[in-house]
Amino acid sequence: MNGKRLVQSSLHTLTRFKLRSFFMSIGVALGVATLIAGNSVGGGAAEKISSQIDQMFGPGTILIGSRELKLPDLQAVAAEMDQVVAYAPNLMLGEKTVQYAGTSEKVAISGQSANGDYVWNRSVIDGRFISERDVDRAERIALIGTKLKAALFGDVDVIGAEVMIDGVPFEIVGILNPLGIDPHGEDRDMDVYVPITTAQRRLANTDIIGNGKLVVSNADTVDEDADQVAAILRDRFQIAEGEPETFRIYTSKFAGKAAVKAKRILGVYIMLAAVVVLLVAAVVISSIMLVVVRERIAEIGLRKALGATRRSIATQFLCESTIVSLVAGMVGIGLGLGVANVVALRFEIPVNLTLLAVSLAVLASVAVGVLSGIIPARRAAGLDPVEALR
Amino acid sequence: MIEIRNLCKSFQRPGEAELKVLQDVDFSVDEGEFVAIVGPSGSGKTTLMNILGLLDRPDSGDYELHGQSVAQLTPEERAKVRNEAIGFVFQQFHLLPKTTATENVELPMLYSTRSDADIRRLAREALCRVGLEERLSHYPSELSGGQQQRVAIARAIVNQPAVVLADEPTGNLDQKSGRQIIDLLGELNRNGSTILLITHDDAIANAASRVVRIDDGQLTETITRVAS
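Protein chains in written order, with this note's numbering: chain V, 1 to 390; chain D, 1001 to 1228.
Among these hints, one or two may not hold up.
[Said to hold, decoys possible] Straight-line Cα separation of at most 20 Å, EDC-like style, residue types lysine to aspartate or glutamate; simulated pairs: (1) D:Lys1098 x D:Glu1134; (2) D:Lys1080 x V:Asp384; (3) V:Lys4 x D:Glu1134.
Derived by calculation from the structure, the hints in this document are not laboratory data.
Keep in mind the model is a prediction, meaning the values are calculated, not measured.
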């Protein structure tokens, strides 16, 4: 039988037994969908995480977190280390009620200094950032994220409007640029920034800052700088030799490595899941095909009587399993893209489908089809027509 | 056309004595003949038909088809001969389900090198010859037993084979449809087809111009009648 007739005849058989074809294709469709969805969302997620890590860290930065950390600690570090070119605190207060007119939202408040926009890499899309004067005088001013603005105010201009934060009135002076959801799952567009002093005195009554960030002049030596920061802090916090540190330090280098590692692990798990599903799919197709061979034993005998060679019987069954698998793979690509888009929409991740993933999916479906067809095809081809026609 | 000499075939089942199914069978069919092989079940007639149809190989002996010795061909060569020179009609019809009459008749030609247009045309012509021009697109499940066997006969003659082998073609049919099938085979024979009919039923065998009796693996008696 020539190729065209082979494909026609396979399609004819497959459409004759729709339910069976459907069951044969489920596994491959799901496996390929896993591969495609995982790949396009995973790629997008990894990309987003790296860009967010870039946003959080930027090149050559050191992050300090400690319940004891106060502003003078940062000042001392900056004074001792010439390579520190800038520093800024970030006091993260728990959830507070932010209220405007009848609407209220419970959101986390962040205390920032005047150079917070530069050090923490957060710009303003409307209005202005916190000024030195705001910090000096602990002004009751605030900047809010785009989503919070939409939730409280809707579409109107809000610069100069007054909101109540835990019952204290604040004037809105700016809107923060949109960042989406960060790797911790926090929606950064619900952020509220107030001057650090205002956060300490009016909202929390503390002199702790909790988090600080240093920008150093040379991104390559950031890990060595971090060691020096640790030594200064140990000294200031009077941590004896051998005692555990009461602060944590992360550098931009460390974060970059973690992102790469996370990306790799994610990729490996997605591939592993897809491979397992596809192997199961191959076993499913293979066993259904074996039943099909038994069921169609009279047809095989007949075809042989009518002049089919071993080879044409074998290729017919191989062709059927391959077509089922290939069509299922195509459906799986569509399905995977659908799932990817839903997930991407939900978590604000870009969908990143590579040509490589699609080619891999097509290749995998063909491979599953051929592999799962081999044993049934051999069995069908080897049937004795006399026995088969009985 | 068909020339068989000293044909032997035996089966060996594990733990059982060797069973000689065909012993020194000599048999020939001329072109244009309508021959019936009659025998009870277990007489070896189906084995003979399988060998004549190149579905099975003899242990020893010669088989010449169209002057070509075919007893010891490879499986691939035998498939080709079956496709080109032999048309099978089976007791159970053996039509593909959920496949139209025309597609069923096209089946043997899919293994040939004919063009798609020829295949379609020849299938239709064959179905017309068996009187099914009204049933071209019907599925087997929509046809009566007699009509299904007609489709099978159309499939057997569509490649213009040297011989049509019909193994108990009326075995699954009522008497009236069976009679019509035998009449159809007779008509095909008058139009030039060589027919070899295998049956256990003397009444049906009488339609043939020559009747050969087989018993215990040996051909015993030949009655030749002048065509009526």
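Hint-by-hint comparison with the structure:
1. At roughly 18 Å between alpha-carbon atoms, D:Lys1098 and D:Glu1134 fall within 20 Å of each other, so this suggested pair holds.
2. Under the criterion of a C-alpha separation no larger than 20 Å, the hint pairing D:Lys1080 with V:Asp384 is consistent with the structure, at around 16 Å.
3. A threshold of 20 Å between alpha carbons decides the hint, and for V:Lys4 with D:Glu1134 the separation of about 29 Å lies outside it, so the pair is violated.
When each numbered hint is compared with the structure, a violation occurs for hint 3 only.
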